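Which chain is which? The protein sequence lines are A and B, in order. Numbered per UniProt numbering, the first sequence spans residues 1 to 701. Numbered per UniProt numbering, the second sequence spans residues 1 to 337.
Derived from the structure by calculation, the hints contain no laboratory data. All figures in this text were calculated on a predicted structure; none of them were measured in a lab. Cβ atoms here follow ideal geometry from the backbone N, Cα and C, with glycine treated the same way. Careful: at least some of the hints might be erroneous.
[Stated by the list, open to error] To give a feel for the contact side, a few chain B residues facing chain A, derived at Cβ under 8 angstroms: (1) Arg62; (2) Glu103; (3) Gly104; (4) Lys107; (5) Gly160; (6) Thr205; (7) Leu227; (8) Thr229; (9) Val277; (10) Glu281; (11) Phe282; (12) Val323.
[Stated by the list, open to error] Quick list of simulated restraints, FRET-style, between CB atoms: (13) Leu317/B / Val692/A: 24 to 32 angstroms; (14) Leu311/B / Ser508/A: 24 to 32 angstroms; (15) Arg628/A / Lys225/B: 38 to 46 angstroms.
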Amino acid sequence: MATEQSREDELAAEAEELDGYFSDTPLDPQPDYPQLRESFESAVIITNLPKVGESKMDKLTKVVMKLVSRIGTLVENPETGFTGVLMPHDKDNDTTMGFCFAEYTTKEEAKNAVEVLQGYKFDKNHSLSVTLYARAEQLKDLDVKEFQEPQPTPFQEKPNAMSWLEDPNQRDSFVIRHGKETVVNWFDGRNDPILDYDGAREKEAGVQWCEFYCHWSPCGSYLATLVPDRGVILWSGENYEKSGRFVAPGVKHIVFSPEENYILTNNDDPTDPGAIKVYHIPTGKLLRTFPLFPDGVATDIPPPPFLWSHDDQYLARMGDGLISIFETPGMRLLDKRSLAAEGICEFQWSPKANVLVYWAPEAENSPAHVDVIEIPSRKKLRQKNLFNVSRCNMVWQEQGDYLAVKVTRHTKSKKTLYNNIELFRLNEPGVPVEMLDTKDAVMALSFEPRGSRFAMIHAENPSASKVNVSFYDMMKRESQFTYVPELNKIETLEGKQCNVIFWSPAGSNIILASLGDTASGTLEFYDVDSKSLVVKEHYRSNQVIWDPDGRSVATVVSQPIEGGHFKFAMDNGYIIWSFQGKQLYQQSFETFYQFLWRPRERLLSKPEIRKVKKNLKKYEEQFDKADRERQRALYLEETKGKRSERAKIRELLARNRAIRRKQRAEYIALLGGYDSEDDSHYVIRDLTIETVLSTKEEVVT
Amino acid sequence: MRPYLLQGHERPITTIKFNYDGDLLFSASKDLVPSVWRADNGERLGTFNGHKGTVWDLDCDRFTTRLLTASADATCRLWKCETGECLFVFNHRGPVRGVAWAEGSRKFATISDPFVEHNSKIRVFDCPENGDLTDDDVMEIDLPKIGGKRVNPTNIQWTGNNEDLLVAFDNGEIRLYDPETGDLKEEIQAHDKKINRLRFNRDKTLFITSSADFTSKLFDPVDLKHLKTYRTDRPVNDAVISNKKDHILVGGGQDAMSVTTTSGKVGKFETRFFNMVYEDEFGSVKGHFGPINACRSYASGAEDGYVRLHLFDKDYLDMKDPVPEEDEAEEVPPTSQ
Numbered sequence: 001m002a003t004e005q006s007r008e009d010e011l012a013a014e015a016e017e018l019d020g021y022f023s024d025t026p027l028d029p030q031p032d033y034p035q036l037r038e039s040f041e042s043a044v045i046i047t048n049l050p051k052v053g054e055s056k057m058d059k060l061t062k063v064v065m066k067l068v069s070r071i072g073t074l075v076e077n078p079e080t081g082f083t084g085v086l087m088p089h090d091k092d093n094d095t096t097m098g099f100c101f102a103e104y105t106t107k108e109e110a111k112n113a114v115e116v117l118q119g120y121k122f123d124k125n126h127s128l129s130v131t132l133y134a135r136a137e138q139l140k141d142l143d144v145k146e147f148q149e150p151q152p153t154p155f156q157e158k159p160n161a162m163s164w165l166e167d168p169n170q171r172d173s174f175v176i177r178h179g180k181e182t183v184v185n186w187f188d189g190r191n192d193p194i195l196d197y198d199g200a201r202e203k204e205a206g207v208q209w210c211e212f213y214c215h216w217s218p219c220g221s222y223l224a225t226l227v228p229d230r231g232v233i234l235w236s237g238e239n240y241e242k243s244g245r246f247v248a249p250g251v252k253h254i255v256f257s258p259e260e261n262y263i264l265t266n267n268d269d270p271t272d273p274g275a276i277k278v279y280h281i282p283t284g285k286l287l288r289t290f291p292l293f294p295d296g297v298a299t300d301i302p303p304p305p306f307l308w309s310h311d312d313q314y315l316a317r318m319g320d321g322l323i324s325i326f327e328t329p330g331m332r333l334l335d336k337r338s339l340a341a342e343g344i345c346e347f348q349w350s351p352k353a354n355v356l357v358y359w360a361p362e363a364e365n366s367p368a369h370v371d372v373i374e375i376p377s378r379k380k381l382r383q384k385n386l387f388n389v390s391r392c393n394m395v396w397q398e399q400g401d402y403l404a405v406k407v408t409r410h411t412k413s414k415k416t417l418y419n420n421i422e423l424f425r426l427n428e429p430g431v432p433v434e435m436l437d438t439k440d441a442v443m444a445l446s447f448e449p450r451g452s453r454f455a456m457i458h459a460e461n462p463s464a465s466k467v468n469v470s471f472y473d474m475m476k477r478e479s480q481f482t483y484v485p486e487l488n489k490i491e492t493l494e495g496k497q498c499n500v501i502f503w504s505p506a507g508s509n510i511i512l513a514s515l516g517d518t519a520s521g522t523l524e525f526y527d528v529d530s531k532s533l534v535v536k537e538h539y540r541s542n543q544v545i546w547d548p549d550g551r552s553v554a555t556v557v558s559q560p561i562e563g564g565h566f567k568f569a570m571d572n573g574y575i576i577w578s579f580q581g582k583q584l585y586q587q588s589f590e591t592f593y594q595f596l597w598r599p600r601e602r603l604l605s606k607p608e609i610r611k612v613k614k615n616l617k618k619y620e621e622q623f624d625k626a627d628r629e630r631q632r633a634l635y636l637e638e639t640k641g642k643r644s645e646r647a648k649i650r651e652l653l654a655r656n657r658a659i660r661r662k663q664r665a666e667y668i669a670l671l672g673g674y675d676s677e678d679d680s681h682y683v684i685r686d687l688t689i690e691t692v693l694s695t696k697e698e699v700v701t
Numbered sequence: 001m002r003p004y005l006l007q008g009h010e011r012p013i014t015t016i017k018f019n020y021d022g023d024l025l026f027s028a029s030k031d032l033v034p035s036v037w038r039a040d041n042g043e044r045l046g047t048f049n050g051h052k053g054t055v056w057d058l059d060c061d062r063f064t065t066r067l068l069t070a071s072a073d074a075t076c077r078l079w080k081c082e083t084g085e086c087l088f089v090f091n092h093r094g095p096v097r098g099v100a101w102a103e104g105s106r107k108f109a110t111i112s113d114p115f116v117e118h119n120s121k122i123r124v125f126d127c128p129e130n131g132d133l134t135d136d137d138v139m140e141i142d143l144p145k146i147g148g149k150r151v152n153p154t155n156i157q158w159t160g161n162n163e164d165l166l167v168a169f170d171n172g173e174i175r176l177y178d179p180e181t182g183d184l185k186e187e188i189q190a191h192d193k194k195i196n197r198l199r200f201n202r203d204k205t206l207f208i209t210s211s212a213d214f215t216s217k218l219f220d221p222v223d224l225k226h227l228k229t230y231r232t233d234r235p236v237n238d239a240v241i242s243n244k245k246d247h248i249l250v251g252g253g254q255d256a257m258s259v260t261t262t263s264g265k266v267g268k269f270e271t272r273f274f275n276m277v278y279e280d281e282f283g284s285v286k287g288h289f290g291p292i293n294a295c296r297s298y299a300s301g302a303e304d305g306y307v308r309l310h311l312f313d314k315d316y317l318d319m320k321d322p323v324p325e326e327d328e329a330e331e332v333p334p335t336s337q
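Here chain A stands alone, though its shape is the one from the complex (with noise of 0.2 angstroms):
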């Protein structure tokens, strides 16, 4: 008994000598470590990292840290110390590699890390190149282990797309789309047009070489042709020749940029993640495909428009409240940042300035506003706050000197609505904005291409069918000489019937029409200068285009290619009009999809133009003697085919009546002996009929 109680004694002693060293939670056979993440597919690689010193090491991996942070969250281990970087470190040399991994919590994180950092202006020797972790390890495996270096793809000469300016007549060109048929004629001005190229050699091939629309590029270099199975074809120099191909399935519209250099294609889907695409026009190299909705921008409406800006530099697109704009060639975002738009509803580049204005409609506690804002410095050059804005559209003239905005506003009450007009002068210093007060509801307004004048239409009621037309200059003649930057008004022309007008590239004449299936087609050609009218109507006219030096208008009455309603259907065709309103040529189809004038560009510099104007005389001569030589080889050619076919009807003719000469005496018989050459049937008789034309009494004295 004794011993076991001092055994006991004993363990109590024990026990209490070990407490705290056992648990009293029984162990855990699977303990519950961090779960070790085995695929790599949120990390990247980050290459073309400046070599540093262990002692700056530090310092790189910091600004590395802040720089990836910036995309994503990065994954901390403070156990084990891991910051989400890691910077490998070369012993024999002491310095980092060159390189770096980052690991994101996400796999998007990663994924957008590579788009954004890739190209990164580190500093001024580095830019960064970032890649998948997994897909550096495909790298890894590469059997190529030496660098080869790429052939140099044979020298392919392009056609020559500047041929058609050479031509010896100077001659405009346009294309026509109609039926299964795309027709590029020649048009002096005078003559009839001449056929130019109709896609000849591929009907031989048994294709049609445009199946859809096709657009000029704006430089008239190109040809495009749409084929919504495959894409877009461009075609140029004298053979129209294929000189560029871009895969755009289902492609509906395109557009080129200004100089040329770039194509977009768009196919109107909005599922298809790449419906817009970005070529560049030389290499035919893809740049870029954006979906058809930025994010976040309602899908009921119809998507917001690619811009481009007049020299190529920049692409940009309205988002919500925001401008993305996009820098040529590498199609990045401009400074990795949108222009930051609040509410924006419309926005313009400047026709010849890197210049972007938009409008924004009236938020809770800011007024709606008009922004002139330049790229890229995104400094805003001008904000001008309008009140009760119900909406504002924005004209440029061409040169991008002035800027109008029709705003439309609304009283109080939000019943009535009224226009005015806000002129900001783009070329002054602070570019001032006047405002032009109008009581009428303004319908139309358009600036003379390389003048300072605009004109509108403007009516009472928006309704009404006889509206005025007004005239209006935005310098004004001080002197002989001189002009001062003012508004002032031309001319008010009353009682039109218009809904659209039309200036001609070359200035002072002016088309006032009016087009739609409702009205008339009344076509008035007006020169402002002159004060000349000339009246013409084109019945059923849905279109204007002035060729591109304002020497003769086409007016047409086309479908849509898709088809549509049935009054689109009749009538169609085209005429061109002289720029004074004469009828040169006019061609009537069942099916009339297109007319486009080919565009030039100026290429004549201001003194050039002036020392032209100077020798006016001289060049009218040359002109005169070339014009008169054309005709008559056209006359003489004509006359010669001409001939032949009457010739030929002439025999025809002959040779029936000989027949009929042969039969005579047959029908002579069927007619009972009646013979009508014969004299004796008829009764010859003299008749003398007088007529007083009037009479007149004199008084003889």
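With chain A held as given, fit chain B onto it using these hints.
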């Protein structure tokens, strides 16, 4: 120059024809009463009363003694031109679409539309000047349905010396039949759509067709060969070869269906003038409100029920061929001064 406006018909004019001497103008209309007018001043001489349906066609004989009219009341009537007295009624089994005297005016041919179980028919009747008349034909060509589809004749003419019957069809075909046996001698596909009219020139050395396919075509009747095409942008209802000049006069307009939706100004209701040889349009005469259904020499009749009688002015009559003859002085533009 203002035309004479011949007001007398209350419904669309279907055809107009001058007599051989050119002093009288006969007109047929949907208002049942064919009329005859003086060609020089537009005075109405009289009417031919008796038909109970639209009069589709008429033909006057060589000496303007007897007139034949074809009507939708399934009869073809023979009239005395001078008095307007109906001499005989040739009964048919369906609406009579066309009628044509043979040369010599002792027989004539008619075409009729299908009616109930009767097919379209081409028939030839004897019609002596003095003698008994009967409505038994001397020759009949039955035109049954082919593959369930009907082909209806729209116009009939006799070729020179009554050698053949020249018949135009609503599927664009032209066929030549033997007037004695009724055998089909030749056929050509002249147009894509219905041929509205087929007319000879005065001495039957050329003929012209007018079709709903917007064209009018000139043919050589000897070889039945297509020579020229005159394109317009509306269905062509009638075309004639001018007696005076190498010109073609073309009349037409859009379908009656869509007439009400277009204004007269733009409905292309003009008579267009084409150069016969060069196929180019050089002028037009406006005036009608409605498609022109008939034109002959210088008169036109239209859907509006009016016949317009135009007298050519001096400018037109003096007009020269655009291409000078070999012996004429050429007006070639000078090379340079």
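Going through the hints against the structure:
1. Arg62: 6 angstroms, holds
2. Glu103: 5 angstroms, holds
3. Gly104: Nearest chain A Cβ about 3 angstroms off; hint holds.
4. Lys107: The hint is violated - Lys107/B has no Cβ within 8 angstroms of chain A, the shortest such distance being about 10 angstroms.
5. Gly160: For Gly160/B, the interface hint holds, since the closest Cβ of chain A sits about 6 angstroms away, which is under 8 angstroms.
6. Thr205: Since the shortest Cβ distance to chain A is 4 angstroms, the answer is holds.
7. Leu227: 7 angstroms, holds
8. Thr229: Hint on Thr229/B: violated, closest Cβ of chain A at ~13 angstroms, above 8 angstroms.
9. Val277: The hint holds - Val277/B has a Cβ within 8 angstroms of chain A, the shortest such distance being about 5 angstroms.
10. Glu281: 10 angstroms, violated
11. Phe282: 13 angstroms, violated
12. Val323: 5 angstroms, holds
13. Leu317/B / Val692/A: 24 to 32 angstroms: 26 angstroms, holds
14. Leu311/B / Ser508/A: 24 to 32 angstroms: 46 angstroms, violated
15. Arg628/A / Lys225/B: 38 to 46 angstroms: Holds: the Cβ-Cβ distance is about 41 angstroms, inside 38 to 46 angstroms.
Hints 4, 8, 10, 11 and 14 from the earlier list are contradicted by this structure; the remaining hints agree with it.
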